[in-house]
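The lines below spell out each chain.
Number of protein chains: 2
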Amino acid sequence: MTIDLTEAPTTSIPDVFDPTCSSRHALELIASKWAMLIISALEEGPMRNAALMRRLGDVSQKMLTQTLKELERNGLVIREDKKTVPPHVEYSLSPVGRSLSETLLVLDRWAETHFATLDAARERYDAERER
Amino acid sequence: MTIDLTEAPTTSIPDVFDPTCSSRHALELIASKWAMLIISALEEGPMRNAALMRRLGDVSQKMLTQTLKELERNGLVIREDKKTVPPHVEYSLSPVGRSLSETLLVLDRWAETHFATLDAARERYDAERER
DNA sequence: GCAATTACGCACCTTTTGGTAACTATAGAA
DNA sequence: TTCTATAGTTACCAAAAGGTGCGTAATTGC
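Those protein sequence lines, which keep their order, are chains U and P.
Quick note: to get the numbering used here, add 8 to the position in the first sequence (first position is 1).
Quick note: to get the numbering used here, add 8 to the position in the second sequence (first position is 1).
I should point out that these hints are in silico values taken from the structure, not numbers from a laboratory.
Treat the hints with care, since some could be wrong.
Identical chains share a label here; the pair holds if one copy fits it or two copies do between them.
Said to hold, decoys possible - Calculated pairs, BS3-like style, for lysine-lysine (alpha carbon to alpha carbon, straight line, at most 30 Å):
#1 K91 x K77
#2 K41 x K70
#3 K70 x K90
#4 K41 x K77
#5 K90 x K41
#6 K77 x K90
Based on the sequences and whatever the hints tell you, model everything.
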């Protein structure tokens, strides 16, 4: 008799370092430029498609729709279709989405605070190897 | 006389929503599954290549090297080559890297806390459309 | 009647990400 | 002598991310 451990159930304590743990999937979902920015933007309040495009600056219609759909699918974003013509669709954060946006805003602040340090390091690194 | 605004300098207040702002680049750097996990892992202390592979569980040698190199280039990770044979290379967090890891750990905790909510939402969403 | 508006869907294409396998060098162990 | 371990690199290939342009619906304004 042999015991197959490859399909063993995930350990009781969730761990993002465990590739089979579902929390890893949750992390991968938000480890995306557009997902992060969309959730941060929606923290300012419900927004329509066009408003989000303006806020994000350079997202394509395709990527915006695609990312919003994934976020809605995972319950982070709520999509409300007023079913009018011309269309009127509003996106907002769900309670879970809002619990995430707080942390993401901290990340935004980190980027805005330390980007100059990264820029300098990158310049030093590149200058050293191009010789 | 025409004024070209396309190359206008970035505003004085850094903003991740401004595509031309360098802080956006910083955000994109860490908006990556492997970058996030590597920095979180290094928070536990300096690690060698093989130890990181074990900790991350399912990263390929190629992606690990590639991501570490980008993080080193931007000054988040410090690479110390002891120049011995067989090779001995240690990776650790720089001060900026450490300032980031604190926030990333909060993200990890978020994923480990709320993944079940996401799983449930996803299942509901998929069940509704496959009919 | 014609154009604009809105939030998409779809087809096509390019770029980036990621995986696999083979190769490098040398010390120490079997 | 051959095997193992170390931390990579390179070439090749598959998959995912991402961009562009076109089509769609009905209502409002000209």
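Here is how each hint holds up against the structure:
For the homomeric pair K91 and K77, the shortest alpha-carbon distance inside one copy (17 Å) is at most 30 Å, but the shortest distance between copies (49 Å) is not. For the homomeric pair K41 and K70, the shortest alpha-carbon distances inside one copy (14 Å) and between copies (22 Å) are both at most 30 Å. With identical chains, the CA atoms of K70 and K90 are at most 30 Å apart within one copy only, with a shortest distance of 21 Å there and 48 Å across copies. For the homomeric pair K41 and K77, the shortest alpha-carbon distances inside one copy (15 Å) and between copies (20 Å) are both at most 30 Å.
Proximity of K90 and K41 under a CA criterion of 30 Å is satisfied intra-copy only: 28 Å inside one chain copy versus 35 Å between copies. Taking identical chains as interchangeable, the C-alpha atoms of K77 and K90 lie at most 30 Å apart only when both belong to the same chain, with a minimum of 17 Å there against 48 Å between chains.
In this structure, every one of the numbered hints holds.
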